[in-house]
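Chains as they are written, first to last, in this note's numbering: chain A, 1 to 421; chain B, 1001 to 1201.
Simulated from the structure, these hints should not be mistaken for lab results. Incorrect hints may have been included.
What the hints assert, rightly or not - Some chain A residues near chain B, calculated using beta-carbon distances under 8 Å:
1. Ala164
2. Asp255
3. Ile291
4. Ile293
5. Ala320
6. Asp337
7. Thr338
8. Tyr341
9. Arg343
Unchecked claim - DSBU-like mimics (lysine-lysine), calculated; alpha carbons at most 35 Å apart, straight line:
10. B:Lys1027 - A:Lys307
11. B:Lys1060 - A:Lys316
12. A:Lys260 - B:Lys1027
13. A:Lys67 - A:Lys184
14. B:Lys1060 - A:Lys232
15. A:Lys305 - B:Lys1027
16. B:Lys1060 - A:Lys260
17. B:Lys1019 - B:Lys1125
18. A:Lys307 - B:Lys1060
19. A:Lys260 - B:Lys1019
20. A:Lys316 - B:Lys1101
21. B:Lys1019 - A:Lys316
22. A:Lys201 - A:Lys329
23. A:Lys316 - B:Lys1190
24. A:Lys98 - A:Lys232
25. A:Lys316 - B:Lys1027
26. A:Lys260 - B:Lys1125
27. B:Lys1101 - A:Lys201
28. B:Lys1125 - A:Lys316
29. A:Lys132 - A:Lys329
30. A:Lys184 - A:Lys201
In this text the structure is predicted, and so the values were computed from the model without any measurement. Each residue gets a CB set at the ideal place from its N, CA and C atoms; glycine is no exception.
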Amino acid sequence: MAIATNQTILIVGGGISGMTAAIEAAEIGKNVILIEKRPFIGGRVSQIYKYFPKLCFPTCGLEINQKRIKQNSGINILTMSQVASVTGSTGDYEVVIKTSPRYINEKCTACGDCATVATSEIDNEFNYNLNKTKSAYLPYSNAYPQRYVIDESVIKTDEGKKIADSCKVGAVDLSMQESETTLKVASIIWATGWQPFDADKIQPYGHDRFDNVISSVEFERMMDPMGPTSGKLVRPSDGRDAKNVAFVQCAGSRDHNYLKHCSRICCMATLKQTTYITDTYEDGKADIYYIDIRAIDRFEDFYQKIKNKDNVNFIKSKVASITEDKKNKNPVLNGVDTEGYHRYANSYDMVVLAVGMQPAMDTSILPKDITINEHGFMENNDNNGGMFAAGCAADALDVNRSVQSATAAALKAVQVVNSQS
Amino acid sequence: MSDMINQYRNNFLKEVESKVEEGEWVKNCMQCGVCAGSCPLGDAWEHTPQKIFMMIRAGKKQEVLSSDAMWMCTSCYNCIVRCPRELPITHIMHGLAHYAKRLGLAPKNNPTLKFAQIFWNNLTKTGRVNELKVGLSLYFMNGFVEGIKTSLKMQKVGLNMIKNKRFSIAEAWGGHSVKDKSGLHKMLKKAYDLESARVDK
Ligand SMILES: Cc1cc2nc3c(=O)[nH]c(=O)nc-3n(C[C@H](O)[C@H](O)[C@H](O)COP(=O)(O)OP(=O)(O)OC[C@H]3O[C@@H](n4cnc5c(N)ncnc54)[C@H](O)[C@@H]3O)c2cc1C
Chain A
1 MAIATNQTIL
11 IVGGGISGMT
21 AAIEAAEIGK
31 NVILIEKRPF
41 IGGRVSQIYK
51 YFPKLCFPTC
61 GLEINQKRIK
71 QNSGINILTM
81 SQVASVTGST
91 GDYEVVIKTS
101 PRYINEKCTA
111 CGDCATVATS
121 EIDNEFNYNL
131 NKTKSAYLPY
141 SNAYPQRYVI
151 DESVIKTDEG
161 KKIADSCKVG
171 AVDLSMQESE
181 TTLKVASIIW
191 ATGWQPFDAD
201 KIQPYGHDRF
211 DNVISSVEFE
221 RMMDPMGPTS
231 GKLVRPSDGR
241 DAKNVAFVQC
251 AGSRDHNYLK
261 HCSRICCMAT
271 LKQTTYITDT
281 YEDGKADIYY
291 IDIRAIDRFE
301 DFYQKIKNKD
311 NVNFIKSKVA
321 SITEDKKNKN
331 PVLNGVDTEG
341 YHRYANSYDM
351 VVLAVGMQPA
361 MDTSILPKDI
371 TINEHGFMEN
381 NDNNGGMFAA
391 GCAADALDVN
401 RSVQSATAAA
411 LKAVQVVNSQ
421 S
Chain B
1001 MSDMINQYRN
1011 NFLKEVESKV
1021 EEGEWVKNCM
1031 QCGVCAGSCP
1041 LGDAWEHTPQ
1051 KIFMMIRAGK
1061 KQEVLSSDAM
1071 WMCTSCYNCI
1081 VRCPRELPIT
1091 HIMHGLAHYA
1101 KRLGLAPKNN
1111 PTLKFAQIFW
1121 NNLTKTGRVN
1131 ELKVGLSLYF
1141 MNGFVEGIKT
1151 SLKMQKVGLN
1161 MIKNKRFSIA
1171 EAWGGHSVKD
1181 KSGLHKMLKK
1191 AYDLESARVD
1201 K
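Take these sequences, add in the hints, and give me the full structure.
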C-alpha cells in the first residue's frame, strides 16, 4: 500500500459516492485511500435492480467506475475495513483503521472451487438475508474486487481445511488475523451512506408477521435474476405470481415515531418499482398509497408517465394498518382515503413498504465538533475542518445527487491537500 | 411573514387555537388519515378526527361543534400513538367537546354528554361519587318507564354489588363525602373562573 502522508485523502465508505470522490480526486493526481467495511465496493447501488429514471441496470455505471479505479494507481482500496478512531486537525489527521480477515489473498482468481467444497451456509447479507449463501462466497457476481470471502464460522473447522485444500492457486490463508493500520491524512471524506429503516419497527404494518409484506429494498433484490427468487416476481408465502401489488409510501419517513425526515427517493423508487410489476405481468396492477407524491426535482415527467397508466392507481392515504387474510395470506390494507374520506380494506397479493433512508454513519467515532443534524446526517460547514460529507452521509439523495455531492466533496478535499504544500 | 400566515387562518381556526384545549395543534394536521383509519369506532360516527380538523380549517363552526364525533371518542389513544406529527388527537377531541358544550352547540340528547353531566353533578356535590345515585340517574336518564325496565334488568348486578360492599343503600340519604366540602367547592369555582376568563376573553 502507498504510504499515507499529509498529502493523502482518506475516503470512508465505498458506495457510489465514495467511489466517485476517490476517482475525481485521483484523476487530478491526488493520493487516495478508500476504505469499505463490506468485502466489496459499490454500496447499496449494487443491490438495486434498475435505476430510475432511465430504468437501466446499475451494473453498467458501476463497471465504468470500477474500470476507472483499476486504471488509476493513485487509489488504494481497503475492504472489510472500518475507522476505529480519528484525531488531529485539518491537514494532519491520524486515523486508526481496523481490517477484518478475509482469509483469501490477492492470488484469488474467483474460480469458485472453494465455494464448491464448502458445505455450510450463512445468511446472505447482499440479499438482505432473504436466502443463504455458502460459507466461502463471492458477495455477488460483479463484486469488486473479484475475490472470495471465507466466513469466520468455518475457519477452525474441517470444512475450513477442505476449503483451503481446494484452492489451486494458494489464495486461502486461514491464519489471517484482524489488523490495525494507522494513517496520516490531510483530509477525510465521509461517504458512509445509508441503511434502510427497519420495517419491523412499524408494528401496525406487520412486516415481521406477514410473509407477503416486504420492504422496497427486498423487492429490488427479488427482481434480480441472481436474487433470492431468481428474478421471479412471486409471493414469499407460496410462490404464486404477485400480480396485484400495493405500495405503502412513507413507511418510516415523515413520521415522528420513526424518521422525522422525508427520505426523498422513496416516491421515485416506488414509481420505478411499479414498472417491475406492469412489465412482468400483462395483467399486473399496482396501487400506491401516499401522503403526497414528491417526485424530486426534474422527475415530475416520470411521475406523469406512470400516472397516465391504467394499471397504476394512486390512493391519497397513509395506510393505518395491515392485517392478513388467514385464508389466502393476502395482506389487507386498512385506512381512510383523504379524497372523499372513504374507508377501505383492500386485499393484495403482496405489499411493498417504501422504507425510509437512515444515515449509516457511526457518529461516535467522529470528533465532537463535527456538525451532525437532528436526523443523523453530517452537515458540511466550516467547523468541520478538513472533513467533508458526500452522498447519503450528507442527506437522503438519489444517485445523481450523491455523485454531485461527492464531486463537490472531492474538490474541497483537494483544496485542503493543496493548501498543505 | 406572520401577517401573511394569519390571512390564511379563518376565524374559526383562530378561535379553536385560542379557546380549545390543545387547539393550537389543529393546523399541524397533514391530512394523512392515519387517525381516521386507526379509530376502532371510526365508521360509527359522523366525522373522523381527520375530517373534523379539515372542517375547522374550512371554517365550519356549526357543523364541527354540533358533531357527535367528539362525544364518541373512547380515549383508546390509538390515534395519538400513530399520528406521524404527534398531534394529541384524543385531547383535542375532548377539548372540542368541552367547548361545544360551553357554547350550547353540542348535540342534544347525546348519551355520552348526558352521562358526563350526571357524573359531574354527582361528583362535585360531595367530592365523592355516589354510586347509587349515579346508577339510578343513569337508568332514569331516558324517562320513568325506561328507568324501571333497566332497574329490573340490572337488579341482580345491584344486589351483588351491595353484597360485595361496592355500594350501600345508605347512600340514598346524603352519602359519603370529602372532609372539606366547602373548600372543594371554592376550588372548583376558582378553576371554573380561570377557565372562563381564558375562553370568554
Ligand atoms: C428502494 C430504493 C431504490 C432506489 N433506487 C434508486 C434508483 O433507481 N436511482 C437512484 O438514483 N437512486 C436510487 N436509490 C438511492 C440510492 O440507493 C442512493 O442514492 C445511493 O446508494 C447513495 O450512495 P452512497 O454511496 O452515498 O451510499 P451507500 O450506497 O450506502 O454506500 C455507502 C458505503 O459505505 C460503507 N460504509 C458505511 N459505513 C462505513 C464505515 N464506518 N466504514 C467503512 N465503510 C462504511 C457501506 O458499506 C457502503 O458500501 C434507491 C434507494 C432505495 C431505498
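To see whether the hints hold, each was checked on the structure:
no., hint, in the structure
1, Ala164, "53 Å, violated"
2, Asp255, "4 Å, holds"
3, Ile291, "5 Å, holds"
4, Ile293, "13 Å, violated"
5, Ala320, "3 Å, holds"
6, Asp337, "7 Å, holds"
7, Thr338, "5 Å, holds"
8, Tyr341, "6 Å, holds"
9, Arg343, "6 Å, holds"
10, B:Lys1027 - A:Lys307, "30 Å, holds"
11, B:Lys1060 - A:Lys316, "23 Å, holds"
12, A:Lys260 - B:Lys1027, "18 Å, holds"
13, A:Lys67 - A:Lys184, "27 Å, holds"
14, B:Lys1060 - A:Lys232, "52 Å, violated"
15, A:Lys305 - B:Lys1027, "33 Å, holds"
16, B:Lys1060 - A:Lys260, "31 Å, holds"
17, B:Lys1019 - B:Lys1125, "27 Å, holds"
18, A:Lys307 - B:Lys1060, "34 Å, holds"
19, A:Lys260 - B:Lys1019, "29 Å, holds"
20, A:Lys316 - B:Lys1101, "34 Å, holds"
21, B:Lys1019 - A:Lys316, "32 Å, holds"
22, A:Lys201 - A:Lys329, "21 Å, holds"
23, A:Lys316 - B:Lys1190, "47 Å, violated"
24, A:Lys98 - A:Lys232, "39 Å, violated"
25, A:Lys316 - B:Lys1027, "19 Å, holds"
26, A:Lys260 - B:Lys1125, "48 Å, violated"
27, B:Lys1101 - A:Lys201, "40 Å, violated"
28, B:Lys1125 - A:Lys316, "50 Å, violated"
29, A:Lys132 - A:Lys329, "24 Å, holds"
30, A:Lys184 - A:Lys201, "41 Å, violated"
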